[in-house]
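Chemist: Fit chains B and C to the known structure of chain A by using the hints.
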Amino acid sequence: MLGLMLDAVVIISLVGLALQSLYAPSLFRSILHFVVFGLAMSLAWARLNTPDLALAEAAIGAGVTGALVLVAFRRLIAIQPDQDKPSTESRSRLALPIALGAGLLVAILGLATVNIETLPAAAGVAVLNNLSSTGLENPITAVLLSFRGIDTLLEITVLLAALLSAQAVTRPDALEKSIVTQNPDTPLIGGLLAIIIPLTVLVSIHLLKAGSESSGGAFQAGALLAAGGVILALTGRLSPSQQPSLRLNLGLLLGLLTFIVMGLLPLLNGQPLLALPEPWAIYLLESTMMISIALILLLLFTGSISLRHRRG
Amino acid sequence: MDSATLYVVAAAVLFGIGVDGLIVSRHLMRKLFALNIMSSAIFILLIATAAPIDDLPDPVPQALVLTGIVVAVSATAFGLALIVRLCQETGKTTLSVDDEPENDD
Amino acid sequence: MTVTESLALILLLSGSAFYLAGTVGLLRFPDVYCRLHALAKADNTGLCLICAGLAILSRDWQVTALLALVWLVGLLASTVSAHLIARHAYMAGQNPISARKENECLD
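Protein chains in written order, with our numbering: chain A, 429 to 740; chain B, 2 to 106; chain C, 3 to 109.
Check each hint, because a few of them may be wrong.
[To be verified] Computed list of lysine to any residue pairs in SDA-like fashion (alpha-carbon distance at most 25 Å, straight line):
#1 B:K93 with A:A596
#2 C:K43 with C:M93
#3 A:K637 with C:A70
#4 B:K93 with A:V597
[Said to hold, decoys possible] Computed footprint of chain B on chain A; a stretch qualifies when at least three of its residues, placed anywhere within it, have a C-beta under 8 Å from a C-beta of chain B:
#5 429 to 437
#6 444 to 457
#7 462 to 469
#8 472 to 485
#9 527 to 537
#10 552 to 566
#11 574 to 585
No lab work stands behind these hints, which were simulated from the structure alone. A virtual CB, placed ideally from N, CA and C, is assigned to each residue, including glycine.
For reference, chain A alone in the conformation it holds in the complex (with noise of 0.2 Å):
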């Protein structure tokens, strides 16, 4: 009953929020609406017993996502400053019956499949049933990179594919007064710097190294280390640049070739492609990915082609 109740407030937060997202008539609360809709839905993982997701959404989700949207509105806001005011929409009559239908599709999809009385799911029991074989104990884990690999190096390749079509995107001018708060000289700063940035640097590599025992894994840990990244970077510690640099390209580029490799070195043993052999391989993997993923978010929040270090 009181599960119930909490579900229930979980979710009247879940849909007031995205009504809120997306009728407010100001653009910056329909951001700020966004970003805590990320944080209800970590909720709702939480409720539905899958903490793996609750840590994602709320490390990439709700984190990410927002830095990502609110740099971008800060790019929009100066070319024109009055996007903030409520436009006026006329509203089309197709929309109404349109989403009245889909959210009927998805009702019917979702009542006629869930708590039916059936055998459990093939692919999940032979999951479970094989998970020693392994060595790791997180199934979710498990099956991220022993049983379904090609999934995640699919992954991996669209972010970098996601990075590479926004660098080529993005022009480039203007880029760090963005970014850079505009009176960062306090020394509080400082101090915040120091106790923070190596606490991120510790809880994502402990993270990454419970990802293979309870709750965590490659993702959440570099979308951390990446928030970090965005702390540094708003702070003018690391500032945009346009020089390619070579360090950070191999940096983005880890992870796919460390992955391509571990899958590739299996055939020379007559085992199939992407077959793991030991937890050695696993980790170092998911090392490879943390620095690439990391990278990754970093540069797409800071829209530019490299980084730049400055001592503040």
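Modeler: This is chains B and C only, laid out in the frame that chain A set:
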């Protein structure tokens, strides 16, 4: 009504809200938010309809949704870069079709 | 309900009450600085009480240490954020409300 059915209904409502926002919103950033809300609704649907295996949650849909979250953020980042470039080139953040009032001739 | 559970319940409820007070302050105070006051102080006290209640419920020193770390990092982040927001508001020209009323009296 148990918890899973409640989340399925929530997913349907969120998807409907997302579709409506996608069609009606004029600012491109709100359309991007609507797409994200639609993806989140489908992720909730995937997890809510997954049956537990011996009281453990099913790991395969969770891995799928994790991949989906990362792909959604990649698409959002690229979409934002496109919106910023469009505004830099044309000075508007709505598609030109939306600006003209619909004249029924 | 055992003693630890009821103690944890009291701590969690009072933490939630502090959060409620902080949110009401955020909505009702007239000025940026007053609102930051409500957020930084009331919310952090609420966080401390909720972490204490959860630590008592968990009976595990590792979880307690993690919760203490969560509270400390939350304290640090909200402190610096409140300072930055107040500094930005001051440099943008917003005077605190008591200073405004004094200026009105002088005219």
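Chemist: Decide, hint by hint, whether the structure agrees.
Modeler: Against the structure, the hints come out as follows:
no.	hint	verdict
1	B:K93 with A:A596	holds, 20 Å
2	C:K43 with C:M93	holds, 23 Å
3	A:K637 with C:A70	holds, 21 Å
4	B:K93 with A:V597	holds, 17 Å
5	429 to 437	holds (count 4)
6	444 to 457	holds (count 6)
7	462 to 469	holds (count 3)
8	472 to 485	holds (count 10)
9	527 to 537	holds (count 8)
10	552 to 566	holds (count 4)
11	574 to 585	holds (count 4)
Going down the numbered hints, you'll see the structure goes against none, and every one checks out.
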